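These protein sequences, in sequence, are chains A and B. Numbered per the UniProt record's numbering, the first sequence spans residues 1 to 596. Numbered per the UniProt record's numbering, the second sequence spans residues 1 to 596.
In case anyone wonders, no lab produced these hints; they're calculated from the structure. Bear in mind the structure is a predicted one, so any value in this text is a computation, not a measurement. Among the hints, erroneous ones may be present.
Since the list gives no way to pick out one identical chain from another, each pair is judged satisfied if it fits inside one copy or across any two copies.
What the hints assert, rightly or not - Derived DSSO-like pairs (lysine-lysine); straight-line CA-CA distance at most 30 Å: (1) K179 / K332; (2) K385 / K58; (3) K332 / K576; (4) K58 / K69; (5) K508 / K466; (6) K81 / K385; (7) K226 / K554; (8) K466 / K237; (9) K284 / K576; (10) K466 / K336; (11) K179 / K336; (12) K237 / K284; (13) K58 / K179; (14) K81 / K226; (15) K576 / K58; (16) K179 / K81; (17) K332 / K237; (18) K554 / K179; (19) K179 / K69; (20) K237 / K385; (21) K237 / K58; (22) K284 / K554; (23) K284 / K336.
There are 2 protein chains.
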Amino acid sequence: MSTYSAPLRDIRFALYDVLGVEAAFRQLRFDDANRETVDAVLDESARFCGTVLAPLNKVGDEHGVAYDKDSGGVTTAPGFKEAYVQFAEGGWGGLGAPVEYGGMGLPHVLGMPLEEMIDAANLAWGNFPLLSHGAANALRLHGEQWQREVFLTKLVSGEWTGTMCLTEPHCGTDLGLLKTRAEPGDDGTYSISGTKIFITAGEHDLTPNILHLVLARLPDAPAGSKGISLFLAPKFKVARDGTVGERNALRCGAVEHKMGIHGSATCVMNFDGAQGYLIGQPHKGLMAMFTMMNTARLGVGLQGLGLAERAYQNALRYARERLQSRALSGAKFPDKPADPIIVQPDVRRMLLTCKALVEGGRALAYHAGLQVDIADHGATEEERKAGDDLLGFLTPIVKACLTEWGVECTYHALQCFGGHGYIAEHGMEQLTRDARITTLYEGTTGIQALDLMGRKIMQLQGAGLKAFLAMVAAFCEEHAGDASLAEFIAPLREKAGEWQALTLAIGKRAMSDPEEIGAAAYDYLFYSGYVALAYWWARSVAAAEASSQPQAFKDGKRETARFYFARILPRTLAHKAAIDSGAAALLSLDEAAFDA
Amino acid sequence: MSTYSAPLRDIRFALYDVLGVEAAFRQLRFDDANRETVDAVLDESARFCGTVLAPLNKVGDEHGVAYDKDSGGVTTAPGFKEAYVQFAEGGWGGLGAPVEYGGMGLPHVLGMPLEEMIDAANLAWGNFPLLSHGAANALRLHGEQWQREVFLTKLVSGEWTGTMCLTEPHCGTDLGLLKTRAEPGDDGTYSISGTKIFITAGEHDLTPNILHLVLARLPDAPAGSKGISLFLAPKFKVARDGTVGERNALRCGAVEHKMGIHGSATCVMNFDGAQGYLIGQPHKGLMAMFTMMNTARLGVGLQGLGLAERAYQNALRYARERLQSRALSGAKFPDKPADPIIVQPDVRRMLLTCKALVEGGRALAYHAGLQVDIADHGATEEERKAGDDLLGFLTPIVKACLTEWGVECTYHALQCFGGHGYIAEHGMEQLTRDARITTLYEGTTGIQALDLMGRKIMQLQGAGLKAFLAMVAAFCEEHAGDASLAEFIAPLREKAGEWQALTLAIGKRAMSDPEEIGAAAYDYLFYSGYVALAYWWARSVAAAEASSQPQAFKDGKRETARFYFARILPRTLAHKAAIDSGAAALLSLDEAAFDA
């Protein structure tokens, strides 16, 4: 079985030393978020995740969820409910929620290490409370006051959970095609009918009620994505005064059999004239849903990060224990029957790739999370706008890169185990299977790439990129004379210039052919992710040197940064060449000739 | 459920047009292997694999194998045994085996499309007959005449199957550590005791007897890998006259629960004084095993190829059917509610990556397979030696690249399905899980890389590389004036020169530090694989142009080659940069600081 111990030292390093959240929290007037509180939150999260959730990870994989055809009910794996009760009682669901609705009112960015730890400990379990955040955000931003009082408080307290019902059998990415209908009734409620699929936590036994946030069309809705409205339909009806009534006309029709996250209930949900309330304005549902989706996308990025961290920890332990062959330059442990495989350069290549992507990715993700707080609580309109721009720019990068890196790291980690990685016993194959969903849900990698290239760069004229490049330039300027950082600053400066030029070149080509956007998108996203990570690695070395961390920690940061610059950053060469080759290589082949 | 239809047109193209096997077979005096026979073999293989094996693929995944603790017996999934009987009756197990032992005596390379089709149709099932080849080769090359008559004939006819018992709990890669012991008896047999793990087809109900090829130590054996001998221990004892006797003292102790290939029995085998015969010379068992392993490694490469082909076929179908969103340059199918996703450049990127790696990989693998025939049947000692050199050089490339590309292609293909790829229904997730074993067994990718860099390049002074580069140079020379190939010849020539220079540079560095070999190995292997594929793609375009294939097929080859050179070959830039950075970036970090 794989084990997990929260990497608290590195999490603290990312928050305090790299991002400097203490100063940021003061500036954002989070008066309660002092170091003592933050440390207590981290310690307690680590304890809960390590001792309660992590041991249930394999249980969830083996038991899955049980669906009862007659009742339409879903029973979660043994221990899941008890863990959820502890989670709710601990108030974890309301960490970043406003105090007036029962939340702790702490900065959003503090929810990121919590989510990372939950996902590393037990991704399938983590999916139950995860979507409550999205639903809570939708209510907070778009709900009426009574809706917030009745529903938001229940989500914040964890008494009920929420879902996001978007996908239908014939539409996922293209929600403009959706068919679920909502008929207005006489009493201000709506009657919702349709079938939704892939609904995470659509049905379960953790809480007595479940709030479904459902996209549907009103009778007078225009066609396409501009005719979609957002509704709330509870499993058990809820009156405006909060009274819980009879069972609503909605039901789980099946649970999916999946490659992984077996402990998570992925439901087909049938709405058969279910009573619901309109959330926000008619026909404006898609925009409301997209607002929520941004935080959900950061959350999925953290899933990739968490799984990669857990995979790395286990591969490292195995590589130290497993004795096999000798180092090519001669035995390193002549008293043992063979050397541990960690002496092998190729095993180190895999481990260092994990370490570089995990620790660099942590800074990248947490920094994006901090922009949520700046966008919400910045002192000036300008500051808030800047945070929002940066958040919009970073969200697809965090979602796509951290999930693809999660897949890559779980791959390397399993590979370190050789054949032992493929059998269930060591738990590495579960991490691989679980990771595979993260590049698919909440928008595939390809969709993130289009969001970055088409929307954040082209439509919004790259405001977020400009802000990021300005950060990079300022950092390079600040450390221009620092000999100990010169090995990182020079290539970083060069890559940042290349990034800018590459962006302009794509933009120019796209003016004459919009297909160039789609053709460049994937490689541009990863190019961006790798250059962004180079920045975070350079900053991490600087932060480590300036910190009071032990020497081994500082060495770890510097040597991993060197590895990153020498052996990972060159992936940008391949991505750039692919981008430069343009759309023709992708579009010239006639569709019929793919299997001629 | 995923479907499979054997790609006969491309298989024939690879054999006849790209490799020119008709001329090669004449030269090697395979008089029976004329085009009519070859076509008949291919057609019949395609029929058997498509209609008998493919429908059992999901059955095997769902049923797995049943282990009975009391008897130690293993029951295979429904239909597996019936399919095996058909396979044996068809004589498929003896395709390339010598006529004097009941085989068809056809060229080895013809077994490659057969294996590819079996693996694509049903990888787990294919693992039952697969290891019989290895065991048969060991007997053919190292067995005594009576052993060949008694045992080899049974393997060729498929009446019995064989296994390769190498791995023990504490040793896989490093067989020098193995502990299983063989005590000589008075009657010329040996008594074998020890535990072997990960034994594919170690126990099953397909045949009445199973022949275990077991590595063990004799009492007087020197320590390490020079003290290992090879033995044959049947499940039911077999006398020298072929009489089958009582149950031998060996038993399956458990079957592994694995990520995939559920239908394949991966057994713990306990030998408890089992009666066995020595095969070959005492203490020379490891070399005998390595001989067999070469063909097994090519076979695992074909597993990667077959799974990639099947994944590609299904992703292509889905991409044509799934309607979602519009092309960025405007609707391509305005009469439909949305465009099929194959109009999206990023979906085409994934599909073309599969097509380029599968079709290019097919030529690469079959060419390696042809070297087995040349090494065995070449007219002169020199020719046979050249075939053997090239085979040794290509084997780790085929094994590692085709399996890693198999993982990559099943990944892309699943990704094309979005969330639908993650659920069991479409069968894509099974292909992904099944593919994951291929980079692990028969030597991990890292081990293949060391075999290439350390043994085939360094120890053997790159004889195979030189032969391959000579082929490339001859091809470039031959087509130097061909304007229609110029776009491929120029970069190919450049890369070939770079490949040679890179090899010399690593060799030079390795003279002062052998760790440079291990540090370069992985990236060197993939660098080599991508340049080799560039050659096969250039040759494929030339072969298509010279053929009577329909225009759409020729276009498919040319446009895919363009895609390959524009968007895949640049991966060599990242691999070269990693190699050039040397061993320091991998070895500088103190082992203790990996998680300091």
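How the hints compare with the structure:
With identical chains, the CA atoms of K179 and K332 are at most 30 Å apart between copies only, with a shortest distance of 23 Å across copies and 66 Å within one. Taking the shortest alpha-carbon separations for K385 and K58, neither the intra-copy value of 43 Å nor the inter-copy value of 52 Å comes in at or below 30 Å. In this homomeric assembly, K332 and K576 come within 30 Å of each other (Cα to Cα) only across copies, at 29 Å, whereas the closest approach inside a single copy is 41 Å. Proximity of K58 and K69 under a CA criterion of 30 Å is satisfied in both settings, with 25 Å inside one chain copy and 24 Å between copies.
Proximity of K508 to K466 under the C-alpha cut-off of 30 Å is restricted to the intra-copy arrangement: shortest distance 17 Å within a copy versus 45 Å between copies. In this homomeric assembly, K81 and K385 never come within 30 Å of each other (Cα to Cα): the closest approach is 41 Å inside a single copy and 67 Å across copies. Proximity of K226 to K554 under the C-alpha cut-off of 30 Å is found in neither arrangement, the shortest distances being 52 Å within a copy and 44 Å between copies. Taking CA atoms no more than 30 Å apart as the test, K466 paired with K237 passes in neither setting, with 48 Å inside one copy and 76 Å between copies.
When the C-alpha separation of K284 and K576 is checked against a cutoff of 30 Å, the pair qualifies neither within a copy, at 38 Å, nor between copies, at 51 Å. For the homomeric pair K466 and K336, neither the shortest alpha-carbon distance inside one copy (55 Å) nor that between copies (39 Å) is at most 30 Å. Taking identical chains as interchangeable, the C-alpha atoms of K179 and K336 lie at most 30 Å apart only when they sit on different chains, with a minimum of 16 Å there against 66 Å within one chain. For the homomeric pair K237 and K284, the shortest alpha-carbon distance inside one copy (24 Å) is at most 30 Å, but the shortest distance between copies (77 Å) is not.
Neither within a single protomer nor between protomers do K58 and K179 lie at most 30 Å apart by alpha-carbon distance, with minima of 38 Å and 33 Å respectively. For a Cα distance limit of 30 Å, the shortest separation of K81 from K226 qualifies neither inside one copy, at 39 Å, nor across copies, at 57 Å. Taking identical chains as interchangeable, the C-alpha atoms of K576 and K58 are never at most 30 Å apart, the minima being 41 Å within one chain and 40 Å between chains. Taking CA atoms no more than 30 Å apart as the test, K179 paired with K81 passes in neither setting, with 34 Å inside one copy and 47 Å between copies.
Taking the shortest alpha-carbon separations for K332 and K237, neither the intra-copy value of 68 Å nor the inter-copy value of 45 Å comes in at or below 30 Å. When the C-alpha separation of K554 and K179 is checked against a cutoff of 30 Å, the pair qualifies neither within a copy, at 56 Å, nor between copies, at 43 Å. In this homomeric assembly, K179 and K69 come within 30 Å of each other (Cα to Cα) only inside a single copy, at 25 Å, whereas the closest approach across copies is 53 Å. Taking CA atoms no more than 30 Å apart as the test, K237 paired with K385 passes in neither setting, with 39 Å inside one copy and 80 Å between copies.
With identical chains, the CA atoms of K237 and K58 are never at most 30 Å apart, being 35 Å at best within one copy and 42 Å at best between copies. In this assembly of identical chains, the alpha carbons of K284 and K554 never lie at most 30 Å apart, being 50 Å within a copy and 50 Å across copies at closest. For the identical chains of this complex, K284 and K336 are inter-copy neighbours only, at 25 Å across copies versus 68 Å inside a copy, given an alpha-carbon limit of 30 Å.
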